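The two chains are supplied separately, each in an independent frame; assemble them into the complex guided by the hints.
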Amino acid sequence: MSTLADNKKLFARSRAIQRQQTKVSYLFLLPALLFFFGFVVFPMIMGIYTSFFNYTMKEFSFIGIRNYIELFNDSTFGQSVTNTLIIAVASVPLVMLFSLWVATVIYQMPVFSRSFFRGVFYLPVVMGSVPVVVVWKWVFHRYHGILNWTLSSLGIISENINWLGEAQYAIWCVLAILFTTSIGQPIVLYVASLGNVDQSQVEASEVDGCSKWQTFLHVKWPSLLPTTLYVAVITTINSFQCFALIQLLTSGGPDGSTSTVMYYLYDTAFRIYRYGYANAMGVILAIIIAAFSAFQFRVMRTDD
Amino acid sequence: MNKKTLTTILVVLLVIAAAVAIYFATKPAQEPKEAATEITWWAFPTFAQKDAKDPAGTYEQTLVDAFQAKYPNIKVKLETIDFTSGPEKLVAAIEGNKAPDVLFDAPGRIVEYGMNGKLVSLNDLFTDELKADINNEGLVAACGDGTNYWMYPLSSSPFYMAINKEAFEEADALQYVNLEGDRTWTTENYVKALEALHAAGKLTSSVYCMNQGGDQGTRALINNLYGGSMANADLTKYEVDSPENRKALELVKKLVDDKVLEFGPEINAGGEIELFVNKTLAMTICWGTTAAKINTPNMDFTQVWLPFPSDDGKPVLEYLINGFGIFDNKDEARVKAAKLFVQFLCDSEEVGKANVLATGAFPVRTSFGNLYEGNADYELLTAFTKYYGPYYNTMKGFANMRLQWWTMLQAYLSGNTSLDDALATFQTESNKDL
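Chains A and B, in that order, give the protein sequences. Residues in the first sequence are numbered from 1 upward in steps of one, following the numbering used here. Residues in the second sequence are numbered from 1001 upward in steps of one, following the numbering used here.
These aren't lab readings, by the way, just hints derived from the structure by calculation. Keep in mind it's a predicted model, so treat the numbers as computed, not measured. Don't be surprised by glycine CBs; every beta carbon is placed ideally from N, CA and C. There is no bait here: all hints are sound.
For lysine-lysine, the following PhoX-like pairs were computed, each having C-alpha atoms within a straight-line distance of at most 20 Å:
#	chain 1	residue 1	chain 2	residue 2
1	B	K1202	B	K1165
2	B	K1089	A	K58
3	B	K1386	B	K1314
4	B	K1353	B	K1339
5	B	K1259	B	K1247
6	B	K1202	B	K1192
7	B	K1098	B	K1330
8	B	K1192	B	K1259
9	A	K58	B	K1432
10	B	K1293	B	K1165
11	A	K137	B	K1279
12	B	K1075	B	K1339
13	A	K58	B	K1098
14	A	K58	B	K1330
15	B	K1254	B	K1202
16	B	K1432	B	K1396
17	B	K1165	B	K1192
18	A	K58	B	K1396
Which chain B residues face chain A? A few, computed with CB under 8 Å, are given here:
#	residue
19	E1088
20	V1091
21	G1117
22	K1118
23	M1210
24	G1264
25	P1265
26	E1266
27	L1275
28	A1399
29	N1400
30	L1403
31	A1411
32	S1414
33	N1416
One chain only, chain B, in its complex shape (with noise of 0.2 Å):
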């Protein structure tokens, strides 16, 4: 190569790179790409779909498109799961590291899986304005255990009984049911009308306790009777063994040995509703705003909401809470695209209160006023609010106490088991983990 080629090689690449050079020097500097972020969006059939022929998950998807909308560089996957395979998919899940992000369900499962190291503290979402927002304690401490949040609570709602009217009237029981103000009744004119139903040759209510399914139903029952309750008052401790609850176990077994009320070891909560809404039964222990709203379509008689009979006429009812959880899936990105999600569906005024009316329940944000003016209906669950227990579902092994609580049941009331054997089996059981 001679001395010429070599100096005009050097020249044309250096007028390249001074080309290359300006060329990066003078084009204006790009914003840095936004990766999108991906999250899973897993929802049990808590929201009512607009139109009941739409199959499940509908409605959410709307959720997620509009949500989608607003924030392109993230994306929803949804995936709807039941309340019968949906708790073993939800362990199989989080043991396999394939947990979804977002869970839209109750704070006895949510918490749990909090204090269960899965989940990500929500405590920077609940601020003084939500809780001042809110503004019921007793409500905000079940979305957590004390030290951490865990769920991002939108509706709540409490669990009460329904009875059939016009069962009621042919059997000449309702003169035993109060239909002015609370609706409160008691013991005594709850086993009248029992017995009048009885006597008319009707079949009455179910002791349901095939599984856990809709198992709030007889725990309220059982604890209202005679004032008893499941945890002690500071809720360490499950303490079903109890004079009440020992007399108001021994009135129902005396009852389902008398036939006026019905054992059922082979039906949970979705059987006996099912029982209640073809007329089987004339009374269910487990209606709620959720299950009104799926079966009254359904229905061809009227439906009397009432509060569970007590002793002293004052009931302590258990309440649903639905909420939101995050799974810590150990991405930064996720987590923030997650409560980003989770505060879109709850707390926006348009989206969070379309959310609240299709759960059916009662807003948590006091700031989203009431829902139902002139719905009859939701004047009285309002008035039922004030009977809301402590709430003992976000307590340690809680899980644990509901599979030991059906159990009990069984034994006790099918005969194989005495009453101290069976309180007993279950005082040792459900505590033993706490």
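Just chain A, same shape as in the assembly (with noise of 0.2 Å):
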């Protein structure tokens, strides 16, 4: 009796102190749930409710799902959304492959040769948006482009091509720098994700007679799956989102060529000072990056 007493008193006691712990952590949790809830929730929720209404400078009214009407008739808001559903499915694979294939090189490299090159291609990175736009704004220069002038040096091009005020080229020039300040995350998680393969099962699949293609993708690859999965989504995510850059090079131009939802939105608010279209479309946004990540997730999920 006396065992099962005291069995019972350590169970409370053990409960107790779970409690106590469960607050504590709660407690730490509490600073990051505040600015979570005050930064991203409430702003979020905010974004959706002023969607409905015709709010600008000067106005704040109801006007029910209008916003969204006048969005599906915006031939602006429509060019948008195949530019940056151009650019996200364009970039994604592009970046993945590349960073994939540059860790997997660089991983085999001695450790300084191996922290220079990830210190190369997260330099874009760590740079930000304005110093790397500027440098790729000189390389792109119609008069005084060193791509124009590497070109017709090499003969290839007899007179200077307008880089950025030409529709046909201005997207793929985003989208290449796009692509450089994408790379340096992955190619850093995929050397991490590299470095956690089990060695031993490489080492049994080489015994067992495989080529390093088989290795790769039937021992390597299942361990890189949730980091793939990882960049998958944040490059997703930051393609969608593509804006600095192209405020910064091209203003959605020319003829609204580079122009993504994010720069449409920002015009909308900032320029014409429509904040509920423009919250509108931050909502469409949204769902179309969601849409996209849950996508991604389904393909690419582990049961691990």
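So, in structure tokens, the structure goes:
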């Protein structure tokens, strides 16, 4: 009897300690939660709420889904959605494949060389958008750019190309810059992830006569899948939210050929003060991103 | 407590009370302490710094110091903003209820904020005396919306063109430029000059249209070529679709297609000016006193200022007014302090004149007299002022119209859209909120 009573006491005490620990955990989480609710959840709810209003610098009146109806009849918005999709669909696989390739190559290098290349590829990420775009603007400059100079010196072009001023080139220039600023983080993540691959399995597969490709596909790749999923989702979100690059490089031109949803949203809110309409765009963009992310989770999910 | 102790306590208390009463009764009444008022001033870089090496805001800070010395109970917090990110910062601040008290800008934005209910009316500052001193109905009207005045003006100057004289001479194109009198010139001669420059292998000028930066240059060029305008006569509707503007746009398109004129959807006026200053382009269509003041030290060629070419040789020029708006931050004391500050900057003989000179423009007050006596360039600009056109920058929907303007230029000049469609879209979109 006394043992049962002792166990009950012990159990109750253990639960009390657990409750106490939970409380302490929540208290530790509280600052982050407050920040999250204040700066993420609340603005998100406000964004959805105001998207149903004719919200401008002067007015704030409920208009139901009229902003959304207008959006679906807005050709500039349509073009911006198309451009955004082109950027996302073109950049995500490219970034992932290139990052994976670079990571596998530099992973085999000595520590110093590996760190050096990680630093080189990560540099555009830490530099920030403005200096990166300024440098690329010089590269693509129509009259004095190094790209035109190189191509004409090699006899490839006879007259300068207006890289940022012609629709057929501008979007690819944007993609090229986005690519350089997007690969840094995936490379670092893949290099770290390759370090977690079970070497005994790699060696076993080699002993069993697997080719390098077979070893990669059947041994390394399954270990890299969680990282790949993370990289895919983050790169997709960054591509969909491509804004600073467009604003600094082309302002959405020429003739809307590089306008993205984020840029058009910014233009609508800050240049013509239609905040409600801009928020409706934000809601649509969030839905598209959520759909893409869900699709990626479904395709690349791992059981563990 | 016995009776004696109680009596002693009461007597002591009475004595203390009496002493306190006598002290306060005889103490001279103190002035109620005036609480210091703090206002914020956001300034675009319109004032040139005394030394070009000085960081932005150095000159403005001297004004703040002088004001605070005169009014020690008012503290002014200065923040400089630039033309690239400044407008967005302003919108964010306005919507976040963190707007500055004083803004130094031009009427386009200020009057728009006023019409949206974000500013305090300055009708009380626009006395008959001030209006008589300005002595220019158009300029006074540009400071408001017809009911309220929103901007307190300081200085004004025209926008014009500039050419690289040596480049024109080398291409034998200077013969088409009128260097006499007001230097007015015709569209025909403008085209001949462009063709001569092009034939000599020079890049002439760019129809830039990346965004709204310096878009007054492209508007002035196209409106002037055949006598078109941006709005109807009573400034109630944007009216670009006219035979005159169609003819001008068709001419510009032809010149672009023939590579006589550069099409610049990748640059704004800042980029175009840079190309002019580094001698890539032989002329700029977005020159003004501020641009000249900032860039002249970096130019190793002779700049010649010209009005925009027109069919009949009579240009209609756009112009800039520099002035101050006061945000309604629901605090009477701050509004009062802001008005005092603005008047200090604009009205006082010494500070006002120095500020006009720092903008490189003309004073709006006639009482300030001629601040540029003997300066040939400014005598020419004085002559340009008679060509000032109607001030449509304070029309409703001006910000949206600017967006539609450069979008229209990109669409038409890139060849993606017909002139009919481009103009129809402009007309519909720019007038939809009017």
